[in-house]
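S.K.: Using the sequences and the accompanying hints, generate a full structural model.
Number of protein chains: 2
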Amino acid sequence: MASAQEQRPVNLMPVPASVHSGAGQMAVDASFSVAVTGRDDARLERAVQRFLYQLGRQTGLILAAKPADAAKATLVIHTDHDSKPVQELGEDESYTLEVTATGAKLTAPTTLGALHGLQTFLQMVEASANGFAAPAVTILDKPRFPWRGLMIDSARHFIPLEVIRRNLDGMEAVKMNVFHWHLSENQGFRAESKKFPKLHQMGSDGLYFTQDEIRELIVYARDRGIRIVPEFDMPGHSTAWFVGHPELASAPGPYAIERNWGIFDAAFDPTNEKTYKFLDQFIGEMAKLFPDQFFHVGGDEVNGKQWNANPKIQEFIRAHGIKGNKGLQAYFNKRLQPIVAKHGKSMVGWDEVLDPSLPKDITIHSWRGPKSLVEAAKLGYHGILSNGYYLDLGWPAARHYAVDPVGEGAGDLLAEEKARILGGESCMWSEYVNAENVDSRIWPRNAAIAERLWSPQEVRDPASMYARLEAVSAKLEWLGLTHRTVYGAMLQRIAGSASPEELAALRTLADVVEPVKDYDREEATTAQPTSGTPLNHLVDAVPPESAAGRHFDELVDKYLAASCHGDGAATQLRSELTLWRDNDAKLKPLAQRSFLVKEAAASSRDLSALGAAGLNALDLLARGVSPNADWKAQQLSIIQTVEKPERQLLLVPAPAVGKLIEAATSGGACARAR
Amino acid sequence: MASAQEQRPVNLMPVPASVHSGAGQMAVDASFSVAVTGRDDARLERAVQRFLYQLGRQTGLILAAKPADAAKATLVIHTDHDSKPVQELGEDESYTLEVTATGAKLTAPTTLGALHGLQTFLQMVEASANGFAAPAVTILDKPRFPWRGLMIDSARHFIPLEVIRRNLDGMEAVKMNVFHWHLSENQGFRAESKKFPKLHQMGSDGLYFTQDEIRELIVYARDRGIRIVPEFDMPGHSTAWFVGHPELASAPGPYAIERNWGIFDAAFDPTNEKTYKFLDQFIGEMAKLFPDQFFHVGGDEVNGKQWNANPKIQEFIRAHGIKGNKGLQAYFNKRLQPIVAKHGKSMVGWDEVLDPSLPKDITIHSWRGPKSLVEAAKLGYHGILSNGYYLDLGWPAARHYAVDPVGEGAGDLLAEEKARILGGESCMWSEYVNAENVDSRIWPRNAAIAERLWSPQEVRDPASMYARLEAVSAKLEWLGLTHRTVYGAMLQRIAGSASPEELAALRTLADVVEPVKDYDREEATTAQPTSGTPLNHLVDAVPPESAAGRHFDELVDKYLAASCHGDGAATQLRSELTLWRDNDAKLKPLAQRSFLVKEAAASSRDLSALGAAGLNALDLLARGVSPNADWKAQQLSIIQTVEKPERQLLLVPAPAVGKLIEAATSGGACARAR
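The listed protein sequences correspond, in order, to chains F and C. If you're matching positions, the first sequence starts at 21 in this note's numbering and goes up one per residue. If you're matching positions, the second sequence starts at 21 in this note's numbering and goes up one per residue.
Calculated from the structure, these hints are not laboratory results. Worth double-checking, as some hints may not be accurate.
Some chain C residues near chain F, calculated using beta-carbon distances under 10 Å [claimed, not checked]:
1. A149
2. R504
3. V617
Distance ranges between label pairs, derived from CB positions [to be verified]:
4. C:A439 / F:A455: 45 to 53 Å
5. F:K92 / C:A276: 20 to 28 Å
6. F:A84 / C:E542: 22 to 30 Å
7. F:S51 / C:N328: 33 to 41 Å
8. C:A455 / F:E293: 58 to 66 Å
9. C:E542 / F:K86: 24 to 32 Å
10. F:P675 / C:A84: 38 to 46 Å
11. F:A642 / C:T120: 55 to 63 Å
12. F:K92 / C:E542: 28 to 36 Å
13. C:D49 / F:G500: 27 to 35 Å
14. C:T230 / F:K294: 47 to 55 Å
15. C:A276 / F:R480: 54 to 62 Å
16. F:S38 / C:A50: 49 to 57 Å
It should be emphasised that the depicted structure is a prediction, and the values quoted were computed from it without experimental measurement. Glycine is no exception: its CB is placed at the ideal position from the N, C-alpha and C atoms.
M.R.: Below, the structure is given as structure tokens:
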């Protein structure tokens, strides 16, 4: 297998369970064709059509859409049987893909595996020395976890159907199989209810999904091997329900759609029998609309203020010996669960719903930490992890990638307890995303989470992950996802009347800043953002993770590791630092003309200061001169200054420049510092 | 009006007939609203909705879609009456737009003018120092020519409806008002015929527009102030008709859809009465489908070979005293014109149809040169210019921009003759474009042609045009046109498994090459391209006009004009030339791995040679040293070598580097050379 060794690694994401490289490659040209053998499978036929369309997009080849003869086809697909009519948790998703120099064979027990195998094949096709080709390989693949989800919050900002659709395409590409659709919030009720039309009519500003649209999306998702789990959040996060139905709330109202972000007081009244009558009818309607076995009832962040303020509710708590608000929420869930079960569904709730008195047929969705997941598993509940997978927090892909649903803390679980941890879900909460930039907040980082949930636990090298993430990110563009292209368009908007040089200067700055992380965004600004705040600022445009910043950091490490002798690295560092140092002067005239550039003026000055400080350090390192006593303190104070987020932007290369300064002061010259 | 003087020029394209800048600006924020006063006009209401959507895209502002009170609205629109039910040539398209610090008023005699005025307003809104704003201004505007068209050839490569739609959006943005739809060719018959279904069923590979789709597109176009003129090309360019109807041809057949490019022999038989019976029915059907007054019958490039080879036709020519094939085509047109007229249409044909014996109710569409247009005008025919506006020839925008429908040659026409020249049309022939890259071949250059046809004749400064073209090109992206973003995606495909550094090197090369011009593409390659040839090569990806190349040329001129003392220019030139010199080494490893990069290997080597030659010249110029006798010859031979197109690619900066070499040899140092 010597020749296989010489081949470049296959850029697959998620990494399959097992990959054996073969010799040579299979040409993919205009004669490429696909045949499906065995039983009739309309869903698989549609998948093949999509696959051919996608392969055509990716390569520019003109491919015949007609199904080929199995004897002549270059790719032959065989499945044993179809998956369940309604896709179920834990169905067999495995497949085998064999590619040789003369052809490819994809076999799978069910259609689900075949869908996954087609995506694997798509990722393998690349321009090679002799045309487009897929490397010879044998892949035996299956997922590590049965629940691999993406949640999109369509409620805070309305995320329209076409955006959801292309994100489902992205999920299919990285083998995610659950779309968790967050449909109700304080800021909007987004699903049509025919039983209670005031919900969407009064609670959505006209921005909601019709039942026909929902049904179509469910078909669309099923075609891609994806289940749809709806979430209707209760008893909190519920202001929008009460605009049309104030009688369900714990305080009289009237209610208006919430325009601010945060945790609010509005909550269902768990002591009111009308609440359960209403929810029985509502859940009955939605249970028919959404075929999936699971039904998410939310349950997070009830602040209890309305309950505290309502004497009737307080009286109820006393009369029933309920333990405070936590007990009241458990009471609510104990009433809710039989309703959900009556309509044929299993209840899922955020980790606040965890209470040992509830029946075991509920699934705990952990957002606050992995602890509740372990605790739930020990108590006999199923669990899903989202803590660590919040895409809205702006973490680097590597940080999400390191989070494992059965990582630390799950170590002492028994095997059967561990098996109750079903997988995880990345979450795209939508305070600061809208139809325009949501793709850029989900992708490509979501692919790293998808890999964590699919690939063997030992697949964990961040460098390999980043290299493959770059490749998959480019391929995702062919699906119509805008995660990369929207950046340029948004910068152009910010730049207004910029000259090409000014636009380039803006880009230089934008490439090395990131939005502040976690929940710091509100704190970094004086004006509290609302749902009416335009998302057209630099912080909304720049990717959550700066590739340029990461590369700079790697370059500094390389330079220092080579005792400052890596000539190429020194030149590159100097050129980049010089660009930064001189950038503010280029950008300043534009900041006078565009308020959106002016907002970033402090960051621009900081970048120039950073460039100058880095150049100083490089000079000292190159000349082998020790700086005087004050120098280090001075330079590090520059770093401290630029590390304070200005206008919600972090200057990513600051710590790397700090390393250069440290090295320059540790004995002066780099060689001595080693 | 001192303050107006200080303002930056308004980036409008096309430049309006009259612009008077006022003082200050009008803020465009979330409170922006539009009111339509006067009569009910559903089309204008839809235009306002599109305008608000577009303004929201362009600014990121969340704008209320509801119509506002005229008393409170920030933009008030008033029209006197609607335009004709079927848009007519020469209808009033004028409008007045007044923007003050407190509000804007748009008035127009008809809806058409209001549509144009809304586009003008959209172009004016930009990020300013204090938020988004439109400058205070009074604009009185109307077009110079009544026929301002874009032709798209949907026949050679099928260009699907969604691509046509977004190009109509682009036309609206630059005030073009005729979409000329080339629907039949040797390579495809693209319109559904219910009378003769074999036309589209057998002549299109299943890629055609249904009559419902056509009707929808006509409504879509009318909403944007655009007429649709269909073209069914005859008697030549007609192979696809004959696949289903060989009985109409001048040779027996059978016929297959043509897969090659070029001029072919197939032609209608003008001597067969069945031809006219068929065309009467066919044109009758299409005349009902397409409401426009004009009907384009093609008429170009009949090579006459089938006519020569058919004894029956030769006998007919003799018997009727017809003057050869040219006479036979005139006979065909004389029979065709009454059929077109009978169905209520005016006939348009390419300039080959010009024959003084035809009635004056035909319009000559000149593709071979402006001469036929002048000739036609003198003879009393109307004319449209496309010679000089062929987008497929890859000319720079400035070259198209310099072409005027009543330019040189039209100087001696009488006023009434001149008035017969209705305007012009840019033409996008589709041998080398498809759904993926067609936008990038049309835009932004088409905006320069649109300006030529709308703006006063004296608006002709290329520098101003290019600056505004850049601004309008960015705005066009918000319409969904992919003319800029597709470049990156196609480069990524070509790059295959490239590292970020390799991708950057490919981009450096791609940024300074252009596809060969005119009809040189076939000659620059050994394998003749066909309709099955993938358009995934570097030549298909790079823009027709290299902005980087143009800027480099400007920089060289600036440097030489400053007697090599412009310090900034010297530094920039040196940095760019160094990048080029070193680029081939960076790209080489990738050329080993991707056949699509390997194809450009010669261009990459040439770019490095060019960089080295340019650096040599710069050194000499800087040191004031005269080169030895052989040096110039050597260097110029490098230029000559790289100017030979390799793999269909032109190296754009070659002439500019040539200028540096010339300067370096003209007496040695730059100072002396001046």
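S.K.: Hint by hint, say whether it matches the structure.
M.R.: Right, here's what the structure says about each hint:
1. A149: Since chain F brings a Cβ to about 6 Å from C:A149, closer than 10 Å, the hint holds.
2. R504: holds, 8 Å
3. V617: Interface hint status for C:V617: holds (8 Å vs cutoff 10 Å).
4. C:A439 / F:A455: 45 to 53 Å: Holds: the Cβ-Cβ distance is about 49 Å, inside 45 to 53 Å.
5. F:K92 / C:A276: 20 to 28 Å: holds, 22 Å
6. F:A84 / C:E542: 22 to 30 Å: With a Cβ separation near 26 Å, F:A84 and C:E542 satisfy 22 to 30 Å, so the hint holds.
7. F:S51 / C:N328: 33 to 41 Å: At 39 Å between Cβs, range holds.
8. C:A455 / F:E293: 58 to 66 Å: Holds: the Cβ-Cβ distance is about 59 Å, inside 58 to 66 Å.
9. C:E542 / F:K86: 24 to 32 Å: Once the Cβ atoms are compared, 30 Å apart, the range 24 to 32 Å for F:K86 and C:E542 holds.
10. F:P675 / C:A84: 38 to 46 Å: holds, 45 Å
11. F:A642 / C:T120: 55 to 63 Å: holds, 60 Å
12. F:K92 / C:E542: 28 to 36 Å: holds, 33 Å
13. C:D49 / F:G500: 27 to 35 Å: Given range 27 to 35 Å: holds, Cβ gap about 31 Å.
14. C:T230 / F:K294: 47 to 55 Å: holds, 53 Å
15. C:A276 / F:R480: 54 to 62 Å: holds, 57 Å
16. F:S38 / C:A50: 49 to 57 Å: Given range 49 to 57 Å: holds, Cβ gap about 55 Å.
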